[in-house]
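Chains as they are written, first to last, in this note's numbering: chain A, 3 to 345; chain B, 1145 to 1687.
Just so you know, the hints here were simulated from the structure itself, not pulled from any lab data. Hints may be right or wrong, so weigh each one.
What the hints assert, rightly or not - Which bits of chain A does chain B cover? Going by a derived footprint, with three or more residues having C-beta under 8 angstroms, they are:
(1) 14 to 27
(2) 136 to 148
(3) 156 to 169
(4) 178 to 191
(5) 313 to 324
This structure is a prediction, so every number in the text was calculated from the model and none was measured. Don't be surprised by glycine CBs; every beta carbon is placed ideally from N, CA and C.
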Amino acid sequence: MSRRRALVRYLAARLGLVPVMLWLIASLVFLLLRVAPGDPVDAVLGTRAPEAARAALRSQLGLDQPLLSQYGSFLLDLLRGDLGTSLNSQEPVSRIIGQSLPASLELGLTALLLAALLGLTVGFSGIARPEGRLDLAGRLYGIGTYALPPFWAAMVVQLIFAVWLGWLPVGGRLPPTLLPPEGTGFFLVDSLRNGLATGHWQQLGGTIRHLVLPAGTLALLLSGIFTNALRLNLRRALASDYVEAARSRGLGEARVVLRHALPNALLPVLTITGITVASLIGGALLIEVTYSWPGIAARLQEAIAQRDYPLVQGIVVVVAALVVLVTVTVDLLVALLDPRIRF
Amino acid sequence: MPRLLRLTPRRTTFLTAAATLLLTGCQAGSAPSGGGAATVPGPADSPSDALVVATSARVGSVDPVRASTFGATQLLSAVGDPLYQLEPDGDLVPALASELPRVSSDGLTVTIPLRRDVLFHDGTPFDAAAMVFSLERFLAIGTLSYLLDDRIESVRARSSHELELRLRRPTTVLPQLLSTINLTPVSPTAYREYGDRALADRFVGTGPYRLSFFSDQQQRLEPFERYWGDRPRNGGIVLVSLGNSTALYGAMRSGEVDVLLSTGLHEDHQQALVQRADRGELREGQGPALEIGYLTLHTNQPPFNDPGLRQALAHSLDRERITDRVSQGLRAPLRDLVPPAVSSGARGIWPAYDPGRARSLFRQAGYCDGKVLELPLTFRSNIPSDRLMVLTWQAQLARDLGDCIVLQPNGMESTTVYRQLGEGAFPAVMLDWRGAVRDPEAYLFPLLSCSKAEGGRCLKGESALSGSFWTAPGLQEDLLRSEGLAGAQRLQLLDGIERRTAAAAPYLPLWLVTPRAWARRQLAAPRFDGNGRLLLQELHRLP
């Protein structure tokens, strides 16, 4: 079988599993929410509402239906692409996700970019003298930033740069006096577009200032992963036969490292990037909460606390779908870039 | 040096431009050092005299039929008007109503004359038909409609500016209920398609401000030019929600916000702000203390089915020390269920701290002499003051009565606590309560009302839902009788009910929570209305 056909088959198999995985995840979330203690009616009415009012709201929200019937409706709606309506705000879940997902993606992607730049630079810097001071510092940096508790780190950074020094804002995506730019929901893109159109750059400046602390903190926490991955893989690559062969051909050390060892060392880093992106989509909760970043993770936490079943289900399904998509894409990229991979 | 890193003239130009853009943006968005909060000129900003007010409360929906959180009602109170307004001292004054309600001799028909000079934000006139539309909509789909629907039978417009309510039974607290901001009228024209469903992100009412932008984290209010009453004393309000106490405190400290509300602020941050206000760096305002913190004891099962043991626990609670340690004096100790601002002042009905008396009562119940009562005390783990209270009381009991009782703190997420409360899952649990209206009834009925009882045990009703399961012969009858009374006679009856409750001690009141707000020094001190909401329209810069 040709490599191309094998790749197509591999891709089809992976994508074919996506609906099954999503169904399993959706069913699990549906079930867990109903098994967990707590009642959405309490979240809406408070605990002291009379039983009649509670029953009326339960009926209005469809929570008085048998569990199987609720499950059936949920799956049917999901198949139609209808994620339902939030129990709390009565807004369509898809609209809520549409508002908060771009915020999370903007934060996550900016952080990832910064983390990769920072982490790879630190990881690469010690390679000239293995076990030297720079290498040791890089190792300590990798372990230290990876081990930092996110909530603590975010609070400390916020306290120093926003509260004490007052250099940067404490939270949110824009200064309160500015209206959010209309468009994609990615404020960097939208405000840049507005700036180019109007010549006013306040929105872009505000967006960048508000992004610095959350993205910087997240980047700091993630950069250690890149540092460690690059250090280990680069050292392994530099000790391999093909690098030795390149040196024996008389190539300069810089060329050996940059042209021969580095590309091979970066392949595992690509896989790690994929996994990190996947975890970032829904996993930057502590950063979002600390910096009042209106992202999907903070929204999910709120929805869980309020037992807002449709919103939790909708967010989990969308995030799961994105995670699967990113993972498959990264697998595909690695397979395309690395001829050693067999399908 | 690798070619990629070399600085060519074109690259230098690009980098310079990028750095200039970044710095320009940063400077444009930064707060002026001595002036107002982050006000910046530009096409998309709010007026320069708009004030930024921060709180931790996110607003899911601005529709009066859905608004039940503090943040939502605070917002509604600025964009809507109630029929009656509660003054800070608790006096009721007409707002959209032109005079106090007229009640028929049988107490079942209430006539409310309405103002004739009121316009909705969409320019349509406010009249009795609009009020009927809004009230019927609230009764049909309002999440808090239970406050009214067992009292109001029907609503009709008696004339163009006269509203008539037909009641199911005489209701003394009706005027107070009509001051609820959830009953604020909405424009029938704007809400025509929303008669049977909520409109979460827009509002067309009659209040001093128009809602010009809404998201759950930020709302913008612009003064309504054709408002019937006094115009707001500022150029607009931007309400922002910040996710945690440190962010709120930091925003105030760095000058990012003009006014900060105490909701969601940790005690130590509040204390720091109080100290800054004492030094003259900020201006502080306080509202009426309408929220109480209390303990519920499950009286339907051992050990607290023993009234003597409940009394022992009541005497063992050193409220002064606990409130001092937890809130550094910001919360006032409370020995009544009905807050002093709602009744005739602090009465101290519940037993005072008396470790000697507590020890004697524990002994009578069979504890102390070699037998220690191990008491699981449940608290809401997501509320920091609850945790601090439980830990402080644990230490205080270990010091005073360590040979009689040991507290076993049991933290649990609040949603789980609320769900299991009515199932009798907790021997003792810490909770808080704020009455829907400023009346003793709003504190006694939700804790004591019982629709089905067996002796001293409540099987069904508010008392069971509250987790105490306590009632007493004749108590429910007295509660119902109070609804038909008025004036001193009614208050006397309610006071008697509260005293009977104190003697049985199914609940132990602990503290009072006072709402506070801090404004920057350049602003006047914030003021609250009688329902504990900040008067946004009165915020203004000092000359």
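Hints, one by one, checked against the model:
Counting residues of the region 14 to 27 of chain A whose beta carbon lies closer than 8 angstroms to any beta carbon of chain B gives 0, which falls short of the minimum of three for the stated coverage. Figure legend: the region 136 to 148 of chain A, annotated as covered by chain B; annotation inconsistent (0 residues with Cβ-Cβ distances under 8 angstroms, at least 3 required). Coverage of the region 156 to 169 of chain A by chain B holds [criterion: at least 3 residues with CB-CB distance below 8 angstroms; count 6]. Residue count for the region 178 to 191 of chain A with a Cβ under 8 angstroms from a Cβ of chain B: 6. That meets the three needed, and the coverage hint holds.
As drawn, the region 313 to 324 of chain A meets chain B at 0 residues by the rule of a beta-carbon pair under 8 angstroms; below three, the given contact is violated.
Of the numbered hints given earlier, the model fails hints 1, 2, 5; all others are met.
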